[in-house]
Amino acid sequence: MEIKRINPSPRWSDATVFNGTAYFVEVADDPSVDMLGQIRQILTQAEDSLLTVKSNKSRLISVTIYVTDFANFDVLNREWEAWLPQGCAPSRACIKAELADPAYLAEIAFIAASDQDE
Amino acid sequence: MEIKRINPSPRWSDATVFNGTAYFVEVADDPSVDMLGQIRQILTQAEDSLLTVKSNKSRLISVTIYVTDFANFDVLNREWEAWLPQGCAPSRACIKAELADPAYLAEIAFIAASDQDE
Amino acid sequence: MEIKRINPSPRWSDATVFNGTAYFVEVADDPSVDMLGQIRQILTQAEDSLLTVKSNKSRLISVTIYVTDFANFDVLNREWEAWLPQGCAPSRACIKAELADPAYLAEIAFIAASDQDE
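Chains A, B and C supply the protein sequences, listed in that same order. Reading the first sequence from the start, the letters are residues 1 to 118 in this note's numbering. Reading the second sequence from the start, the letters are residues 1 to 118 in this note's numbering. Reading the third sequence from the start, the letters are residues 1 to 118 in this note's numbering.
It is worth saying that the hints were derived from the structure and are not from the lab. Fair warning: there could be bad hints in the mix.
Same chains, same label: a pair holds when it works inside one copy or across any pair of copies.
Claimed, not checked - The list that follows gives simulated cross-link-like pairs (lysine to aspartate or glutamate, EDC-like), each with its CA atoms no further than 20 Å apart:
id, residue 1, residue 2
1, K4, D48
2, K54, D34
3, K57, E2
4, K4, D14
5, K4, D101
6, K96, E47
7, K57, D14
8, K54, D30
9, K4, D69
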């Protein structure tokens with residue numbers, strides 16, 4: 001069984017798909033903005049990533065959310081819940097962690113169901 | 001292939017199952033107690049979650065353990081090892097992280113084999 | 001479907017394989033050395049782990065990298081990119097976190113494609 005990789009760079013792939021399961025990680029493309037702006041970017045970027053792996057936001061399996069400050073937790077949750085289709089929430093872990101760029105306020109690792117192999 | 005979701009809320013599902021693999025995350029339902037109490041709750045809750053996805057604690061594949069203080073590491077490990085059936089330990093990562101509720105002392109993300117699809 | 005476990009101890013298995021997907025976590029066997037030494041150990045150990053699950057470093061699906069200090073980020077990335085075969089990078093998350101042994105400077109959780117079941 002082959003691994004499909006979207007935009008492999010020397011450091012990471014934008015997404016990988018194996019055995020019907022897609023893996024991708026998002027941080028805001030423009031981290032100069034506040035949490036609201038970053039979360040909206042991350043969720044929009046995630047929709048694009050889901051499209052590239054023949055999935056969509058109703059097919060999330062698991063997410064791990066890293067935030068740098070729980071003061072941003074309410075914004076995260078409000079945007080997250082508004083974005084998710086009803087009845088389609090994945091399993092979710094959420095922890096506080098510093099991220100590779102101090103401007104990043106959030107990073108989300110997604111696992112989703114994909115029709116890439118079919 | 002469909003995703004099965006256990007108790008989907010607007011924010012997360014208690015568990016998801018896809019392609020024979022189950023994903024769920026536990027924090028103590030009652031975080032007013034110490035690490036010993038929280039870990040025991042988490043492991044008991046995990047048994048319930050495993051049951052809902054037609055799995056059990058002998059079928060864990062991978063866990064990621066977040067603890068807020070490594071002073072609690074010995075308690076975690078003692079309870080963890082006492083709980084796991086012999087020869088059935090999953091792959092395990094363990095890191096220190098602050099969690100969404102300051103009362104939480106641990107959060108565990110589980111991946112398990114499931115007979116849900118069969 | 002069975003889970004295959006490599007060297008199960010009471011606390012963890014060195015690797016698990018389920019449904020063609022392998023999970024394993026590495027920290028440096030000898031953490032007395034600096035980041036360069038630890039990363040090289042981790043990547044060498046990962047090659048051994050990949051071998052035991054009938055995989056190799058061209059078949060990584062996803063990694064989660066925990067570093068204790070982003071001052072070591074450049075060393076990590078240089079070694080990581082030198083180690084990965086071209087065009088084979090996995091999805092990658094990277095966060096800062098304290099690890100179970102204060103001597104550990106990095107911990108990497110790997111998910112890889114495996115031919116173990118075939």
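Now for the hints, and whether the structure bears them out:
Proximity of K4 to D48 under the C-alpha cut-off of 20 Å is restricted to the intra-copy arrangement: shortest distance 16 Å within a copy versus 24 Å between copies. Taking the shortest alpha-carbon separations for K54 and D34, neither the intra-copy value of 30 Å nor the inter-copy value of 42 Å comes in at or below 20 Å. Taking the closest pair of Cα atoms, K57 and E2 come within 20 Å of each other only across two copies (14 Å); inside a single copy the shortest separation is 24 Å, beyond that limit. Taking the closest pair of Cα atoms, K4 and D14 come within 20 Å of each other only inside a single copy of the chain (11 Å); across copies the shortest separation is 26 Å, beyond that limit.
For the homomeric pair K4 and D101, neither the shortest alpha-carbon distance inside one copy (28 Å) nor that between copies (36 Å) is at most 20 Å. For a Cα distance limit of 20 Å, the shortest separation of K96 from E47 qualifies neither inside one copy, at 24 Å, nor across copies, at 26 Å. Proximity of K57 and D14 under a CA criterion of 20 Å is satisfied in both settings, with 17 Å inside one chain copy and 18 Å between copies. When the C-alpha separation of K54 and D30 is checked against a cutoff of 20 Å, the pair qualifies neither within a copy, at 25 Å, nor between copies, at 40 Å.
Within a single copy, K4 and D69 get their C-alpha atoms no closer than 34 Å, and across copies no closer than 32 Å, so neither meets the 20 Å cut-off.
Consistency with the previously given hints fails for numbers 2, 5, 6, 8, 9, ordered from lowest to highest.
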